[in-house]
Each structure stands twice: as structure tokens, then as C-alpha cells.
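One-letter residues, chain by chain:
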Amino acid sequence: MRFYEHESKALFARQGLPLGKSGLARSGDEARRIAAEIGAPVVLKSQVLSGGRMKAGAVKFADTPDAAAKAFDAILPIVVNGQRAESVLVEEKSPIAQEYYVGVTWDGRRKRPVLIFSDMGGIDIEEVAEQHPDHVSKTHVSTLLPFTPRLAKEAVGATGVTGPELNRLTPIAAALVEVFLRYDLTLAEINPLARLDDGRFVVLDGHVDMEAEAREIHRKLLEEIGIRPEETRQARPPTDFEIRGAQVDAADHRGVAGNVVEFDGNLGLVIGAGGGSLTLFDAVRQQGGRPANYCEIGGNPSVQKACELTKLVLSKPGVEKIAVMMNVVSNTRVDIVARGVVKGCVESGRDPAETIAIFRIPGSWEDEGFKILKKYGVEYCDRSVSMYEAAGKAVAKLSAGGTT
Amino acid sequence: MSILITKDTTFIVQGITGREAVSLTRENLAYGAKIVGGVTPGRAGRDVYGVPVHDCVRDITAKTRVDGSVVCVPPRFTRDAVFEAIENGVRLIVVVTERIPRREVAQMVELANLRGARIIGPNCLGIISPGEAKMGGIGGPAEDTRKAYAKGPVGVMSRSGGMTTEIANTLTAAGLGQSTAVSIGGDAIIGSTYAELMPLYEADPETKAIAIYSEPGGRMEAELAEWVAEHRSRLPIVAFMAGRFMDEMPGMRFGHAGTIVEGKADTTTDKIERLRNAGISVAERIEEIPDLIRQRLAEAV
Amino acid sequence: MAGMFIDVKVDAKIASDPEAAKKLVEVCPVSIFAQENGGGLRIVAENLDECVLCDLCIEAVAKGGVEVIRLYDR
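Protein chains in written order, with my numbering: chain A, 1 to 404; chain B, 1 to 301; chain C, 1 to 74.
Since the hints were derived computationally from the structure, they do not count as laboratory data. Keep in mind that this is a model prediction, so the values were computed, not measured. Careful, some of the hints might be misleading.
[What the hints assert, rightly or not] In silico lysine-lysine, DSSO-like type, Cα no more than 27 Å apart, as pairs:
id, chain 1, residue 1, chain 2, residue 2
1, C, K9, A, K375
2, B, K151, B, K34
3, A, K393, A, K371
4, C, K13, C, K63
5, B, K151, B, K63
6, B, K264, A, K55
7, B, K7, B, K34
8, A, K374, C, K9
9, A, K371, A, K311
10, A, K375, A, K393
11, A, K60, A, K138
12, A, K153, A, K138
13, A, K138, A, K93
14, C, K13, A, K371
15, A, K138, B, K63
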């Protein structure tokens, strides 16, 4: 879950990282007031959950409060990689002597956090690592032993930095590791970290990602920073359909019927589980189908939950038929899902036999499930029909139905 | 033979009185597993399908040999449960629980490495050596498990628990049994990756080929590709890559916690290329896996 | 009122026995049974379709006391 720059900086401030004077503006007047309070030239930065702000023109400099107000008005409407800003960070502009990079992330192969440091900041770190490998250091951190600053010192020193810079950079890198560990982050990054003309260090830009699983543990912090529980912070904001999907899942603790993602096709999908859904979504597209949605059934959802998910998918304009498919199930019960989807069709005023293009969930309690489907005239298949073939049957039915 | 577990493997279930653990215990017993005890603090003296419940792991390890543990406790207690198993000498730990923060998983893995223990999972369904035993919910009820899994020459590793069974079922239907199938877990950090399990399969004379299920996100496939290239593995590998549509949707999380495209190396396109360059066959569909394995086995002779 | 897939029939004698009613409420994992204040048994119609066919209610009372009917079997 990505934080906005101003939220990342609020987190950094808690750990004593050095920041310039700043304020968050939601209007031109606010930008003017903040710039006047700072009393010096400022930089205005659009608050979006994406890189590439500079390129998009969403970062501007202003020497006076009036210029700051004007810059605000220019920046706010700019869409950066599909993200629209609601606020702009107004920050003191600093005279820079040198830029550095400090980042902490997980190394999935070593299964440890890794502290990445470079004395060539301000540009893409991957590029630096490729072109100037001796200017980038990677230092792994234990999650069991207490973290002490010597690792940060070694990380900084490995790029050839020495003298007073080494001693000033060490606590900053150490503090970033501590932020990373304390708040269950998956990324904590300062780029650039600037050494100013007067020798001070300031975090110019930074961003953090928090692990979704840890949101509950850090609920209080998120509340203080102003991140609401319903904010998904995915690459794009959730649609109304997706919000209703999340509600279906949350309304009943039994099993999973969620992770609904909206697409613009005409074949509704009631699919599962985690890996099965990925496989089936690919299969539908490979068979020439256009999915209306992605979703995941998992565990043992109640009949009601499967029913509500079915109703939701059927409520989407343009959805004529649904395909109900999963991998061979061992935990989820075939009969329970069968009841749920049949009920969902009936409660939506549709004939299950017409609406369910194919039902392919083999596995636990399948005989019981198949009896239900037979009774309602729904076409189903057992494990002898592959996921790919089942997807093909669903797609064929939709095209045969003379869709527009 | 098989890897990790045989019919003689003794194990315990931590959190045995929970809803999922109860059915897992019944299913494993019915498949022939030797479950020598269960743990739920405060519930000592009860039993679950004849398996005695204890308060602490050491109450069992003091009296009996315990080779493994299935950890099936809520996320906020999981790290402690895994530590308890490791510190009481348990060497194979299957972590079923999902939604554990990465930092805690990393701590479990670090301790396991220090003590010479192995973790499978988290967020997995466990291990099965068909015809021998299973450890975890993999395959479901014993009768369903017997339909999908059969003893044979193929080692299976999968980031998805459900797809482990789908692949095994496809292999079984085609007359190819499995030596051991491992649901390795769907999280970004897991106890045992493909490459870390490969040496075990490599050393198992019964395993003749490997089938893997894979997804976007992480560097596990790259690690496998490097391992294969470096070790000149005797085992032909056939991989299936799901979630190809995700390449077009960076930043969106689908499926498991570890499944997200954040950079080029996370995409299926990149992974498929790396796997193929290492001589690993990549199946376009699940049903192609058995034929690809047969082809590769025939080439090897 | 029956569900769409499942109906449960309880013998009149069992339904009016507070002890049996209590037992049924306890064993059912999906809350199909409820006990009225007076002790008599009430069937919770909206939960009928959630029945997981565990047969625990059938085993909880005297043989033939409770019947679980799969309406799709007919």
C-alpha cells in the first residue's frame, strides 16, 4: 500500500529524518499562505501515487507566494500516469551540493531486508546500478539480531564516501532501516537525499509502501497519517463495482468471495481460487473471450456469499452469461458453490440454465453439486474437462448466443 | 522414495482445535499420516479424532520423536508457534496460515536457518508423497486426494495450493504419478523456494521430472533458472505460468500476496524467457504438461 | 417454509421437547435451529440453504426425529 509523498515524509519525521519546511495545499490560496509562511522560494509537487511527476510537468518552482498559487492551479489538473492529484505539497527549495540515494526493500531471494545506498542520487537507482556498480552498495539486514548503525556505516562507506559526510549519512541510513522494520514496509526510499551548500542533509523526495497484511497492526499510525481503511491504494482507484465486491466479501466471514476487479467484457466470471483464477482469466482471453470481471472464490464461502457475488456480477451492464469455474477443489465445496450461483441467478430474475454458460468445479462434494446443476439444467463438466476447455465452452456459448 | 515426508514421518498439528485444523487432522489421518499430538494452549487433555491435545510442543517432544509440525494458528500467533516448534527440535514446519507480515516470515526463516530446520509456506496447503502420507490440507478429504494424486515419477512444486492438485490430477489422468508434491506458498517470502527444493528432488532416485506452477511477482523463477543452469540438473522441468494478463496491469495485486507486477522482472514474459533460456519447457496450458514431460523424458534417454 | 435446496422436517414430539431443541441448536454449524423462549423449536428458514449435510442434527436426536431433505433430489 503506497503512501503519498507527504505521508511518507510524515512517517520519516517520526523517525527524526531531516526534512525541509513544507505544507500540504488543497487550493491556490492555501499554497500562497504556505509559501508565505516558508518565506523563501518553494517547490510545488503534485501528490500522486506514481513516479514521473517531473516529466509530466507536475513539479514547479515558485519564488513568491503569488507564483506559488499560480503554480498550484497549473499542477492540480495534470494527470500523471492515470492518477489525478487532490493536493499539492509546497516545500522549501534548497540549494543542493550533492544528491544521494538511500532505500530499503525486501530481497525475496535472501529473505532479508536490503539497504541500498548510492552517492549518485536523483536518478533511477537501477540505472546507476547498471552503469556505475561501484557507486551502489547493497547491505543485508538481519530481522532477528538487533539492528545497529554499523551496517549503515558500512553501506555508506562501500561507495567510497568518507569524512564528515560518512558520519552524517550513517544515522540517516540507519533511521530509514528502522522505519522500514518498525512499520512493516515493503519499500522505504529517499531519492534524492540532498547535501545542501551549508553541509546539512535534507530528504527531498521519498516514498514508502506498507505491507497490506500489516495495515491492522498499524491502524493507529494510519489513522494519524490520514489513510482511511477503505483506501485500496492500488494502481488505480476502485470502481463502484469493485467497492460493492469488497462489501460482499466483508459482509460474511465464511470463506472468500472477493478480490473483484472490473473489466469491460461481456462474460461474467465467478472463478477461484488464487492460482485458479489467474489461470482461468488467461484461459478465457486465450479462447477469445472478453471477461467482465476478475474475482476469487476461496476457502468455504457460504451459499449466501456465493449468491451475492453472482448477483453482483450479473448486475453489471452487458453481462449476459457467467462462467463458474475453479481448479479441482479440495477445500471449497462444489455443492455449496452450485447452490450459491443457482440461487444468485434466480434472485436476479434469470434462468440458471440460460445464464450459467458453464460450471466447471470438480472436487470435494462434486456428486452432490452435479445433482443440483442437473436439476436446474445447468451445463457442467467434471475433471476430465480442462480449465482451458471449459473456458472455451463458455466463450463459444456467448458467441453462439448472437451477442452484439 | 519421496522427498520431505514418508509414511514414517511423525508430526504434530499446532492450533489443532481450530476449524481448519480439525478437518486437516481428520483428512491427514485418513490418508495414513502419523500425527503424534496437537497443541492448543489451555486445551491439554482433550483429543481431536484420537490425537491428544497439549499446551506446549515440548510436552510432545519430551516423549515422542516429532519430525514435523503443521502450523495452523491465526496470523498474530504464527511466528511464536513456529519459533516454539523450531526451538523444540522440530525440523520440518509447514505453515498453513496466510496474511503474515513479511518481517515475521523473515524472522521464522532466519531462525530456521540457524537451527537447521526447514519451513514450507506460509500460505500453503502442505506436502504430499502419494501413497505414503500427506502433511497439510493438500488434496482435501482422503477419497478426493486419492482421485487426484497417484504415486509416480514427477515432483510437483506450486505457488498455488489449489493448482498443485489441478496439476497432479492432470498428471494422474495421463498416467503420470507424483513422487512428492509441495504447495510452496503464495507469499512474497516463503521458507522454501523452487531452487531450494531442487537438491532434494535431485537426490531422490524416484523423481524423474519436475512440474511447476508459477505466477507473476518475485524472483523465484529467475532463481530456479540460475540453479538449473549452474547445477546441470538431471531433471527435466516443465513449468506453467499463470496470470499472463497481469503483465498489462502493473501495480495491481491479484491472487496471492506475492503476485504483483512492479517491475519488468515480475512479468510473466520475462519469467518465461528466463525459464526457457535455462532449458525449462513452458506449457501454454495445464493439459500440455504430461506430454511435455513424456517428451523430455524420452529425449533424456 | 422450505429453502430452495434444503428442507428440514422435525417430528412434532422432538420439536416441542426443550431438551431436544437445545441439542439441535447446539449441534447445527449453520444455525438452522433456534429455540423459542418457551423452549419449543423454531426452524430458521433463511439458513436452510446453508445446510452442509453434516447429519449432526440427525444423530443428535432419536432415530427418525429429524429429516434433512435435499429438494434437488426429487
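Hints versus structure:
no., hint, in the structure
1, C/K9 - A/K375, "holds, 22 Å"
2, B/K151 - B/K34, "holds, 19 Å"
3, A/K393 - A/K371, "holds, 20 Å"
4, C/K13 - C/K63, "holds, 12 Å"
5, B/K151 - B/K63, "violated, 33 Å"
6, B/K264 - A/K55, "holds, 21 Å"
7, B/K7 - B/K34, "holds, 7 Å"
8, A/K374 - C/K9, "holds, 24 Å"
9, A/K371 - A/K311, "holds, 22 Å"
10, A/K375 - A/K393, "holds, 20 Å"
11, A/K60 - A/K138, "violated, 33 Å"
12, A/K153 - A/K138, "holds, 12 Å"
13, A/K138 - A/K93, "violated, 30 Å"
14, C/K13 - A/K371, "violated, 32 Å"
15, A/K138 - B/K63, "violated, 46 Å"
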